[in-house]
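K.L.:
Here's the letter readout for the chains.
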Amino acid sequence: MPWAKGEDFIDLKERFEGLRIEEKPTITALHIEKERIIDLLKALKEKGFKLFLDHSVVDFPDRSPRFQAFYMLYNVDERKRVIVKTWTDGVLPSIEKLWFAGKWAEREAYDMFGIKYEGHENLVRAFMWETYQHFPLRKDFPLEGFATEYLPSLNEVLWGDNLQGLMNYDKMHTPVPTLEDLETTEKKRLQKKAQIVLNWGPLHPGTHGTMWFLFDLEGERVYQCDVILGQLHRGVEKLAENEMYNQFLVYTDRMDYLSALCSNQAWVVAVERLLGIEDLVPEKAKYIRTMMSELQRINSHLLWLGTYALDLGALTIFLYAFKEREKLMDIIEGITGARLTISYTRVGGVRMDLPEGALEVIKAFVKRFPKELKEWETILSRNRIWLRRNIGVGVISKEDVYFYGLTGPVARGSGVPYDLRKFEPYDAYGWVEFDIPVGENGDVYDRYLVRLEEMRQSLRIIEQCVQALEKMPKSAPFFAESPDPKKLKLPMDGIGLKVPEGEIYSSGENPRGELGFYIYSTGGVKPYRVKIRPGSLYNLCVYPKLMKDRVIADAVALLASLDPVVGEIDR
Amino acid sequence: MEGLLAWLVITLIKIVVILAIVLGVGAYLTLVERKVAAHIQRRPGPMVVGWHGLLQPLADGLKLLTKEDLFPRYGNRFLYNLALVMALVPATLVFAVVPFGPEFEAFGIKVKPILTDVNIGLLLVFALGSMAVFSIALAGWASNSKYALIGSMRKAGIIVSYEVVITFAVMGPIILAGTLSTYDIVQNQIDQKLWYVWLQPIAFVVYMFAMLAETGRVPFDVQEAEAELVTGFTVEYGGMKFGLFPLVEWYIEVLSLSAIAVVLFFGGWSPINIPFLGFVDPLFFLGPLSPFVWFVLKVSLLFLFVLWLHWTLPRYRIDQITETAWKVMLPLTFVNLVLTAVFAPLIWR
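Protein chains in written order, with our numbering: chain V, 19 to 589; chain Y, 137 to 485.
I should point out that these hints are in silico values taken from the structure, not numbers from a laboratory. Heads up, some of the hints might be wrong.
What the hints assert, rightly or not - Calculated lysine-lysine pairs in the BS3-like style (CA-CA distance at most 25 Å, straight line): (1) V:LYS345 - Y:LYS171; (2) V:LYS60 - V:LYS103; (3) V:LYS211 - Y:LYS282; (4) V:LYS492 - V:LYS504; (5) V:LYS134 - V:LYS103; (6) V:LYS341 - Y:LYS171; (7) Y:LYS282 - V:LYS206; (8) V:LYS563 - Y:LYS282.
Using the sequences and the hints given, assemble the complete structure.
P.N.:
Laid out in structure tokens, this is it:
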């Protein structure tokens, strides 16, 4: 586990008196009072913990102070992670000067828990609309919400109270935003300074989902830009607190719906690590999971390539990419039984063994896919129009990668070799050989090249996994055996899976960046708090900065190069 | 009196024939485009309505005609409808000066297969071409939508830039031919035994660029730009009103400008040319029909070339397009103009 050790912080202990270092196998935490948290974070940043990963709070309604806030930091050079914790009653100093990504995380914590941040430039709600009264992730917020609005369905209007059984449910619902609410929200986000404000989205083909961009335009040049999120907010973190560990698995599919298998894998690895059964998982299951999530990565990158080319006007590449993607979907469907929301992995292994002939199909795909890839590159990579649209657009420097908390291909495109498959190998990634492609300039073109090369590297991993799997006997187990069923019940459907007290932050390398799960467990079958670190959200937070002084035509290129998925941003 | 009547009847017949051909072909080019695009993208394209989708344009037309006529709130209804007229009429009028073939005799009357052989034919073409900017600006303005407005402003910027370029590009052939009449330009090429493309390759390339830009084809389709502007200035139009804009821009204008390109650079209805030596006609067996077939063949090839580009290339950004126009294309046409002026006496001998 790549956690920093206690001895790394000896010098800090002298500078900060109240500092308490907590070292566990699953986590290394620094505890400090909230008055000195900024100083400590600053000192950590100078020490090399430059990459901001995540920040949120855990709610304990019956304690005082009520909220435990945590900040996750990463040292990319020494490959160490640390978590900083503090207690608060609802007010925290803002870290927006240290990390811009913190600004967005703080907005989310304000939205969900009502934490006030001192010194925050623009403390507005992240997902809910401005006039919303409640804080949904607080423990005293009921799961069904506060039913205050009378919103009958069409059937109820037509039939009145004559509806029977399941049709006749409550007519009172939690409030939904009205047009006035949305207008207030919009006004609060962006003060018009230039000529016209262009509402780009929430439903717009260029936004790849339901994001609402506001562009303040001076002619066609973007003077300033902001994003209104939350159109796809489903409260996944609240759901996680109320579902069993394996039940929550299906929600990870629906977060980043383009890379469901990778999200599945990240979640079960996190739970396995929390249970301490990572070594119990059979080798075969690990290889299968790795192979499947690499297939999913190619699948996801293919969708990115297709839509990206489509955004830049190259319509044909879109269909080429989707044709290959269709083949991949068929392979995945044949193995797992599902195409989009897959839920193939389980805590302790995978749901079922590979069907007969699966490896042959994958081998055939691996053999012919590089040819296709080369053809597309012939059309795009040296195309003069493509180069002019891409090179020098949206340059992200290395410092910006840390400042904005960028991960995944976006970080690698800027030359930061941050790849959790290498830094913190989970499943079979430690046993296979592959390289991490990195870019030089950090512009859109570099991110494009990085993703293309990643597809090739994924093929390499798949090839090695197939070789390893071919050597294994058909009867090899694909699900973990519990060493002591009385102490730890490990059923495939996850019912009765009890997780001991503890906490963990574990993350997987998704196609769109680091997908991290911070699980706080107080024992039992359900987690107490799950904070999901969505790669897409933090990758998106650099967008307003990149868009400044660019034209709208670049908006699509930039957005597609960051490749966000709204299901993961909003959760 | 009788002469006048005959002229009137012949002109009317010509108008009907040309209109029918242009609009009918324009509709069926949608099918051609869809089929070409489909085969470039490795799929069959329309296959259900009729044999290999042959009736698809009719079905599409029927669908578009039966759609509800929507009008954006706070838009300007007069300008909104005027934009349609301004788009269709100038684009179709260009065909008035396109010569489809050599003069022939029918029932003892000499007929030129050109509606009006005015001696300023080319001027008319480019005057009508720049009318397109009004239709687009009006459409964008009258729709009362920001997307439409941005799309139309982009298009206006492009047309203003490329009108200059295209006018200077055709100077070369005009100098060589010594006339502005489209019919005479072709006749001169046949007399001089020379397609002007051999002497004017620069002008031809620039002309093609300008043609793509004016008709809004890839790589210059910034005014549509599905991804960022959701089809730009046509976003508030529905039904056949919406269908008319691509019909005009993508088919009729491309056809008319291809026809002009054939007239200027490829000797109109003449068969394959060997510079300064003569013409070789592999289609001699068609007899008097051969020139017409050659003309149609050349125009179709140019049209297919445009389609090929459209379904292969990505799209430029607006500033890059205008930059190319003013910084690359315009100087090139100037160089071409000077070179032509120096070499023209050789052609005239």
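K.L.:
Give a verdict on every hint.
P.N.:
Against the structure, the hints come out as follows:
1. For the hint linking V:LYS345 to Y:LYS171, the alpha-carbon distance of about 24 Å falls within 25 Å, and the restraint holds.
2. Pair hint V:LYS60 plus V:LYS103 holds up; C-alpha atoms about 14 Å apart against a cutoff of 25 Å.
3. Distance check on the hinted pair: V:LYS211 and Y:LYS282 sit about 17 Å apart at the alpha-carbon level, within 25 Å; holds.
4. For the suggested pair V:LYS492 and V:LYS504, the alpha carbons sit about 29 Å apart, so the restraint of at most 25 Å is broken.
5. As the CA atoms of V:LYS134 and V:LYS103 are separated by approximately 17 Å, the hinted pair is consistent with the 25 Å bound.
6. Taking the CA atoms of V:LYS341 and Y:LYS171, the gap is about 18 Å. The hint holds against a cut of 25 Å.
7. A hinted pair counts as satisfied when its Cα atoms are at most 25 Å apart, and Y:LYS282 with V:LYS206 qualifies at roughly 21 Å.
8. Pair hint V:LYS563 plus Y:LYS282 holds up; C-alpha atoms about 23 Å apart against a cutoff of 25 Å.
Of the hints listed earlier, the one the structure fails to meet is number 4.
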